[in-house]
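Novice: Sequence:
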Amino acid sequence: MSHRAAPTKVTPLAPDQAAALARDGYLLLRGAVPEAWREALRAAFDAGVGTSDQWAVPRGFGWRHALVDLDPIVQRTCRLPPLLAAGAQMLAGPFFLSQVEGREPLQGGGHQPLHRDGVGSRAVAALVFLDPYGPDNGATRLVPRHLDQGLANRGELDEAVSLITTGEAGDILVFDADLPHGATRNRSGARRRSLLLNFMPERMREVQESCRAIRNVRMDTSEVFVP
Numbered sequence: 009m010s011h012r013a014a015p016t017k018v019t020p021l022a023p024d025q026a027a028a029l030a031r032d033g034y035l036l037l038r039g040a041v042p043e044a045w046r047e048a049l050r051a052a053f054d055a056g057v058g059t060s061d062q063w064a065v066p067r068g069f070g071w072r073h074a075l076v077d078l079d080p081i082v083q084r085t086c087r088l089p090p091l092l093a094a095g096a097q098m099l100a101g102p103f104f105l106s107q108v109e110g111r112e113p114l115q116g117g118g119h120q121p122l123h124r125d126g127v128g129s130r131a132v133a134a135l136v137f138l139d140p141y142g143p144d145n146g147a148t149r150l151v152p153r154h155l156d157q158g159l160a161n162r163g164e165l166d167e168a169v170s171l172i173t174t175g176e177a178g179d180i181l182v183f184d185a186d187l188p189h190g191a192t193r194n195r196s197g198a199r200r201r202s203l204l205l206n207f208m209p210e211r212m213r214e215v216q217e218s219c220r221a222i223r224n225v226r227m228d229t230s231e232v233f234v235p
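Following the working numbering from start to finish, the sequence shown increments by one per residue and tops out at 235.
Rather than coming from a laboratory, the hints here were simulated on the basis of the structure. Note that the coordinates shown come from a computational prediction; the quantities given were computed from them, not determined experimentally. For each residue, glycine too, the CB sits at the ideal point set by N, CA and C. Check each hint, because a few of them may be wrong.
No more than 25 Å apart at the CA atoms, straight line, and that leaves these computed lysine to aspartate or glutamate pairs for DMTMM-like [to be verified]:
(1) LYS17 with GLU214
(2) LYS17 with ASP228
(3) LYS17 with GLU231
(4) LYS17 with GLU210
(5) LYS17 with GLU217
Derived Cβ-Cβ restraints for the label pairs, each shown as a range [what the hints assert, rightly or not]:
(6) ALA100 with GLU214: 16 to 22 Å
(7) VAL65 with GLU210: 23 to 29 Å
(8) GLY39 with SER218: 33 to 39 Å
(9) ALA100 with GLY197: 40 to 46 Å
(10) GLU167 with ILE222: 26 to 32 Å
(11) ALA221 with ASP125: 15 to 21 Å
(12) SER218 with ASP125: 16 to 22 Å
(13) PRO66 with ARG12: 33 to 39 Å
(14) GLU214 with LEU171: 32 to 38 Å
(15) PRO15 with ARG84: 16 to 22 Å
(16) LEU171 with ALA51: 30 to 36 Å
Construct the entire structure; sequences and hints are all you get.
Specialist: Structural data, given as structure tokens:
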């Protein structure tokens, strides 16, 4: 008779980080990925890049995509304590790692309209940056929660109040997936590899498991994290 392992207890965020996340709906974890892991993560990304037919659902034009979810360093990165702590604060209950994949905007590509993901599902998204990122190579922009609240009530998305993230390889941007966000255009053509991952509340597990194949999820997602 099989049984699920005991839930993994998550250490809380530092008070200043917790306050910033509660106010803004996102948190930029500077240098969160150990430097010794970064080259291995870039190698995992590049090794995972293939042709469009490797995906069950066609991926967007203007992007390079990579299958990375079975790589052990990728899995360790998804479990970095500050990242899990941010997810625990936003989800406030048991949650799990739903998926992780690699994405990189190609030169001239990458621009996305501001959008909200998973409305009502309370998903948490995170981008692990593997290269320096900024407005020239397709960095993500988003609208902080305290600026978005009035717009959300009117169903509006306002580019004028969006902020473009900038930083270095090893940074992690973690945010409420319902926050307006979107990548910018990679004008320079400089590499901007990242890992995109999602944490979901445990109550969404059945729904997520039912579409594993469509999402190309190959990894074990059984681990449960608790605040």
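Novice: I'd like to know which numbered hints this structure contradicts. Please list them from smallest to largest.
Specialist: Violated hints: none at all, because every hint is consistent with the structure.
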